[in-house]
Amino acid sequence: MRKPIRVAIADDHPVLLAGMVSLFAGSDRHEIVGQADSADASMELVRTLAPDVIIMDLSMPGDVFRTIAQIGATAPDTKIVVFTAYCSIESALKALDAGATGFALKGSPSSELLEAIDTVMADQMFVTRQYASQVMNGLRDRARRQALDEAVRLNVREKQIVGHLMQARTNREIAAALHISEKTVKHYMTGLMLKLKARNRVEVVIASRLSQEQADARS
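In full-length UniProt numbering, the protein residues as written are 1 to 219.
It should be emphasised that the hints constitute simulated quantities derived from the structure, not laboratory data. We treat Cβ as the ideally placed atom computed from N, Cα and C, and that holds for glycine. Among these hints, one or two may not hold up.
What the hints assert, rightly or not - Pairwise CB distance ranges (calculated): (1) Thr48 - Met166: 31 to 39 Å; (2) Gln167 - Pro76: 22 to 30 Å; (3) Ala25 - Arg153: 47 to 55 Å; (4) Lys186 - Arg47: 18 to 26 Å.
All chains should be built: construct the whole structure from the sequences, respecting the hints.
What follows is the structure, encoded as structure tokens:
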């Protein structure tokens, strides 16, 4: 039997917080391990409990975007899902840019939040359907600007991994296909994100495509 996903919740609205706790209470796939009501408390919660995923509201007291970046830098194994009523394309892009890998809206069905958790736990990015296309366009535009600055050459193994990413495969699936360890895949993913100046798997794919196009144009 799989261990439940250890979930932390950060929200300063008691009613909404209680609703989320109730949502997970009847699930054997999730375990609530902690709650916070501010950006600073969220950081301390992650530092102390190391949850698998933390659900964060953007309107809490404190600098939430800075905290997202801090969590990403100091606790990379904790996935971050933004779950908020504060909705705009800019806020979604800013949250993803800071290090979140999920962005869901409180006005959406509760099933969307559960889907977001499953998606980020599979090392993929989730964006609420309402904003998905606009956010993807924003990520592409940024990746295109970076690609124009410098064409990056990938080695054979990096190209293989990007190819599997294009098929939306998880790290475990990529490891099995390439006959390497999942730890090695994560090592290559870290290198790809640094080399391509990408923040997540989707940006790796977009940036690698654009960088290759730029390299081809210069050859």
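Status of each hint after checking the structure:
{"no.": "1", "hint": "Thr48 - Met166: 31 to 39 Å", "in the structure": "38 Å, holds"}
{"no.": "2", "hint": "Gln167 - Pro76: 22 to 30 Å", "in the structure": "24 Å, holds"}
{"no.": "3", "hint": "Ala25 - Arg153: 47 to 55 Å", "in the structure": "51 Å, holds"}
{"no.": "4", "hint": "Lys186 - Arg47: 18 to 26 Å", "in the structure": "21 Å, holds"}
Checked against the numbered hints above, the structure violates none of them.
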